[in-house]
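Using the sequences and the hints, build the whole thing.
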Amino acid sequence: MKFLLHSMLFLLCSLMSQAQELSVSGTVVDANNQPIEFATIILMDLDESRVLNGTSTNENGAFSLNNLELNTYVVKIQFIGYQEYKQKIVLTGHLDLKTIQLNDAIESLDEVNITVKKPTLKREADRLIFNIENTALTEGSMLQVLKSTPGVLVIGDEITVKNSNPTVYINDKKVHLSSEDLNQLFEGSSAHAIKSVEVITNPSAKYDAESGVVLNIVMSKNLITGYRGNVSTHYTQAVFPRYNFGTSHFFKNEDISFNINYGYSKEKINRDGDDTVNFLDTSNNLDESWRSITNRNTWIDTHNLNANFDYFINENNTLSLSTNSLYVPYFKYRISNGTTISDANGTFLSHFTADNLSRDDKYNLGFDLDFSHDFTKGKLALNTHFTTYNYERYQRVISEFFDQNNNFQSTSAFNTNANQDTQILAAKIDYSLPISENSNFETGVKFSSIQTESAVNQFDVDTNTGNETIDLQNSDAFDYNEHIYAAYANYSTSTETFNLNVGLRVEQTDLEGISPLSNIMNTQDYLELFPNVSFQYNISDSYSVSANYKRSISRPGYANLNPFRFFLNENYVVTGNPNLVPTFVDYYELKTTLFDGLVTVGAYYQNFDGDISEIPRQNNTTNIIEYTSVNFDKTVEYGFDLELYHDITDNWSSYFVTSFYNREEETNFGNGFVTQTQWSNYSNLTNSFSLLKDKSLNVYFDVIWLGKNLQAFQTVEDRLFSQLAISKTILNKQGTISLSVNDVFNMHNFDVATRYQNQFNTQFIDVDDRYIKLGFRYKFGNTKLQTNERTTDLEERDRLNKSGN
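Letter by letter, the sequence shown follows residues 6 to 810 of the working numbering.
Simulated from the structure, these hints should not be mistaken for laboratory data. Just to be clear, a hint being listed does not mean it is correct.
Cβ-Cβ distance ranges computed for the label pairs, FRET-style [stated by the list, open to error]: (1) Gln106 with Glu163: 33 to 43 Å; (2) Asp286 with Ser341: 24 to 34 Å; (3) Phe376 with Asn37: 35 to 45 Å; (4) Thr528 with Asp601: 48 to 58 Å; (5) Pro40 with Tyr593: 51 to 61 Å; (6) Asp50 with Glu259: 24 to 34 Å; (7) Asp601 with Glu259: 35 to 45 Å; (8) Thr470 with Met752: 47 to 57 Å; (9) Asn676 with Met526: 38 to 48 Å; (10) Ser545 with Tyr610: 19 to 29 Å; (11) Ile440 with Ser545: 21 to 31 Å; (12) Ser547 with Met526: 37 to 47 Å; (13) Gln106 with Ser454: 53 to 63 Å; (14) Leu595 with Ile440: 51 to 61 Å.
Every residue gets a Cβ at the ideal spot worked out from N, C-alpha and C, and that includes glycine.
Written out as structure tokens, the structure is:
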């Protein structure tokens, strides 16, 4: 491994020596050769579909765009009252456009309106890019955007793409949050700063090997000098009301660029359940049936912050500091449970109640420090990341038991104190080298370290005296240390005929988990290779075929490895599994795009070697149901996809995707192998409308059908997800009001059934995500700039600001 790392560093140094300056400069003047200050300079790709870079002229009319890649671009220069200047350039080094004269416009524009756009989709060989900037979706939460992103399914706290949990990035920086924390972050964060969501189904070797699928949320940034900001607020009525407040601020001058997004949410969330566990005798015949009616209420106050500060040291060097942080000062979780016990004939035997009250206090603070240097040819990027996570929970559980005549029998109670302190440190070096106009080489090394200390102490409570006695059997501590060493190389090339991306990543993993009280130790040490390849062949301008392959890994989380037993009540318990090993995933995909991208047809196959899933296991002797994570012996999924995307009119676009897939799961629970298989269907229909003459009224309607499917030996019945979002600009385009409705058809609730060997239980889950949300956002800042010649509205510049990377 050391030899490999040294070799990669030597390669980096060798590549850094080959460099040349890539930049564009010039001076903008009017018909009298007077310099034009604050003219907007933007750099676009060749088909003018995407803004890649931008700046504005200084008091002398001069501008410079630096740190550019070898490519063909379109330069646009704009200023209110002048005709637009546009020029195609082929950039191979430094290009000086000299003096550019703007001609007066034939008609002077008093006002330029922001044109609110429809969501657009762009399909590439390895990803789907969902552009939502200036659409109705930006007036909701980040979670609403993810729910509307094609191929992404959000159910409860879990985000999935093709039945896999994606790795989430924000502006290509990994977010180190649990699924529950991610859900809280996205629910409490406004989407107005999101430019697009990239669903990367075949990430390059540059991404961690755990990134089987990547969701990269691209936030908009200021490209030109000045300040702008906005404030927003939302009121949501579900079972209980919820409140959100957010604000964003952007500033840039010649030396610094700064943006900050802050959100606060106050929520009370309801969830109901109707569970039945059929405990069986030794012949797997029904012995007793336990039916539990459960109500869960969660109170959450959440603060989240996403900020980025760039300092432009000079034309070639940039220093950046960013943070993605979550703070939850108030989290209360209450479970009220009533369980009725009947015999095999349905005769009532007894019942009990259980009240569980938990209070949490946690924070997750992540920081990144980046330095980038642009050589005359190539770019070097250094990144260090630090996350500190702290979690404390106090739990109180009281149960009361009654006989068949509903006479009170006894009371039991216990308290639990749990805590976890985690530190994550990572550092990496990436180097990118344009080999030619159409090809690029990337390489880099990375080191990451995770250290966590956690403990749980459970106390039995005497309900008469209130005295506590520690329960040593259900108290424990756990220390976890993980180190990963990685190196990668990736090559990409593209022509009019084909696109190729091929890479290899190697990762060495060392981990150790120790539970000193129970004397349990888990040590793992393994070196693995992770290749990836994407190939697209363009038969014509209208037709293309592509193939993808990637190998990835899913490591067991330290929360799943610890041996703790965490009781929801005396009969429901969540247990860690120190014997878990990683899952290795091989993903294959073939697809073809027809009719200028209007139709995409594909097929995929993925094999999960040692798939990790949390499953319920009922003990028919102790009448306890235990949720624990296990490795499955076999998990295979394959399917067929059809996508249609079409702009039906200038004001109406529609997207439809349907996927028929089969999932097979197999494992041995100690009584022989269990195999289950299920064909399922996922379908998504989205319609987006831009209404009124100025297109200031936008409507977005999204429905998702998820048919009966198999998840960790549990059969989940049909569901229909639906969302309606409407937005209207007001107050001279400075304000936006919005209305969104979730679960329009009231079909989000679902049934889950487990039936194999001696396991027989069912659940009905009533989720609290049917709501109406009202919102308002107001923006301010340099939408109007003054010179000594004229006063003009520059609202179009705001639109350009939001279009950059």
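Checked hints:
1. Gln106 with Glu163: 33 to 43 Å: violated (58 Å)
2. Asp286 with Ser341: 24 to 34 Å: Taking Cβ atoms as reference, aspartate 286 and serine 341 lie about 31 Å apart, which means the hint holds.
3. Phe376 with Asn37: 35 to 45 Å: holds (44 Å)
4. Thr528 with Asp601: 48 to 58 Å: holds (55 Å)
5. Pro40 with Tyr593: 51 to 61 Å: Since the Cβ atoms of proline 40 and tyrosine 593 sit about 58 Å apart, the hinted range of 51 to 61 Å holds.
6. Asp50 with Glu259: 24 to 34 Å: Check passed, 25 Å falls within 24 to 34 Å.
7. Asp601 with Glu259: 35 to 45 Å: holds (42 Å)
8. Thr470 with Met752: 47 to 57 Å: holds (50 Å)
9. Asn676 with Met526: 38 to 48 Å: Violated - the Cβ-Cβ distance for asparagine 676 and methionine 526, about 28 Å, lies outside 38 to 48 Å.
10. Ser545 with Tyr610: 19 to 29 Å: Given range 19 to 29 Å: holds, Cβ gap about 28 Å.
11. Ile440 with Ser545: 21 to 31 Å: holds (27 Å)
12. Ser547 with Met526: 37 to 47 Å: Since the Cβ atoms of serine 547 and methionine 526 sit about 60 Å apart, the hinted range of 37 to 47 Å is violated.
13. Gln106 with Ser454: 53 to 63 Å: holds (57 Å)
14. Leu595 with Ile440: 51 to 61 Å: Taking Cβ atoms as reference, leucine 595 and isoleucine 440 lie about 28 Å apart, which means the hint is violated.
Hints 1, 9, 12 and 14 from the list above are not met by this structure, while the remaining hints are.
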